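Asker: Each chain, written out:
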Amino acid sequence: MSDTPAPAERRPLLYEMRTAEDWWAIWLGALILAVIFFSVQITSTPGEAGGEATVTAASSLKSWIVKPGSWTNNPLTAFRKGDQSLLPGMIAIGGVLLAIFAAAQGIMGKSVAGFAAAFPVIFLLALLAYLLSTQTVIKHYNLEYALWALLVGLIISNTIGTPESWKPAVKTEFYIKTGLVLLGAEVLLAKLFALSVPGIAVAWIVTPIVLITTFIFGQKILRIASPSLNMVISADMSVCGVSAAIATGAACRAKKEELSLAIGMSLTFTVIMMVVQPILIKLFAIDDLVGGAWIGGTIDATGAVVAAGNALGERAEKVAVTVKMIQNVLIGVVAFGVALYWVAFVEKTKDGARPSAMEIWYRFPKFVLGFVLASIVFSSIAYFVTAGDQQVKATTDLTKALRGWLFCLAFVSIGLETNFRELSAYLKGGKPLILYLCGQTLNLLLTFIMAYVMFGWLFRDYIEKMLSGPS
Amino acid sequence: MAPANPQDEAPGGPADRRRRWTRLLIAVGAVAVIWLVLLPQVAETPPVKRHIETMQAAGIDPSAMFYSELEPHLFLQPQK
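Those protein sequences? They're chains B and Z, same order as listed. First residue of the first sequence? That's 1 in the UniProt record's numbering, and the numbers climb one at a time after it. First residue of the second sequence? That's 1 in the UniProt record's numbering, and the numbers climb one at a time after it.
If you're looking for bench data, these hints aren't it; they were derived computationally from the structure. All values derive from a computational prediction rather than experimental measurement. Hints should not be assumed to be uniformly reliable.
[Said to hold, decoys possible] Under 10 Å between C-beta atoms, here's a sample of chain B residues computed to sit facing chain Z:
1) 135
2) 136
3) 396
Using N, Cα and C, we set each Cβ at its ideal position, and we do this for glycine too.
For reference, chain B alone in the conformation it holds in the complex (with noise of 0.2 Å):
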């Protein structure tokens, strides 16, 4: 995250791309997308002609794109899976992401031996929180690795200080950028119409309802200074957690203590709504279909949805899970809506001036555009290729343990450049936190009202019968 907004230098498009950031951050990501799609073509096995269900899709870098795995008692038994030894898989991925960011370093003209020498410090904090994260107790309660990684950076930095040594290969936003293109390719847009109307309106509807709502509160009625912490806690409040408070960070240029503080608290929030919420519609008897459609659409992480609907049953687990699926999807068009409202008009009171349209083209955060160029391009393989849905799955298998490990490297990256005391100042008044409690409170009625009509009346039948059809 950067601390203040990139000037808009007006320099050619062909340097812009083979020096910035933004660029490589696609390029890189296109190159893992290609690399690892290509590797399931060669690899896949071709069905009967016309049985499309016969056709099996895998990569042979499957053994090798790995992260640690779940421990109780013993933290080296994470680095084993049944037989299989999980190190040589981690070492050859931190060489790979070394091997492509070290030559981007060097394209970009910066320095290609200080980035190599520091790398692999930074990595292995990153499995240091990737260990930390993956505790059975930790792991079973939705504490993502987000967290642990900001707390061993953070340990570093405000104890014996952040060596410079390691600073060239503290990389915060390339990391975060390259990771959301890789996301890109998961953001299926065919998954919105998975529950068709209902499954619409609480997700797409209520959502950006409140994404909006508690935006404006926080500017007009909290006067919360900074537009974009604003932005990423109402993001990650309304859409899905630490992906959308990611996602949207970087495209509103937040800060990145602002990130830090945001995750933090919509993780605190997320396990006690994981526990409490299921314990609250059980008390009040809630319909458990109407219950489902209130988790998925209210509960930020994705993961503790699954654990609270499951607390109501298979189906309202079903339920919670596809609405939060529909609500994922969104990241894709709050990321690019939320880049483009930036560049236009809240930047733009910086020069007293409405940019014009070049103006904001060259503002706007390119990285957007392969976040978004890679969701169209598999979700297009995957609803119109034959066999493509599992083609795409078998590519996403892969890309989404290096999107961890390159969002695991950036809160490491964060962790290691923010200061306790930089943090603490966020939370004078406790105007962030006020806003969460009223954007939740807003996103917890609404949905409720919108889950209720189109769950419990409207669309009853229609959800009954999807439920008690072949899944």
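Based on these hints, arrange chain Z on the given structure of chain B.
Answerer: Just chain Z, lined up with the frame of chain B:
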């Protein structure tokens, strides 16, 4: 008692470095105790154990950040 050397106490001086490294060791020790001693014990308490077993039996990954990290059987399939 001899007065402390001002250079030792200055930022970056030996005393300051010692203080910083001590803080790091304390923080690392706290993390180690929580993750290697406390959390394994918490995992054995009946409500937490029940929660973990339920999640594992249902094939749920509660730490998923995005829907693509979840198993397909958890979703409601659209009607053909």
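Asker: All the hints need checking, so say for each whether the structure fits it.
Answerer: Each hint, compared with the structure:
A distance limit of 10 Å between C-beta atoms decides the matter here; for residue 135(B) the minimum to chain Z is near 5 Å, and the interface restraint holds. Proximity of residue 136(B) to chain Z holds as hinted, the smallest CB-CB distance being about 5 Å (cut-off 10 Å). Taking 10 Å as the C-beta cut-off, the interface hint given for residue 396(B) holds, the closest approach to chain Z being about 5 Å.
Figure legend: structure checked against the earlier numbered hints; every hint is met.
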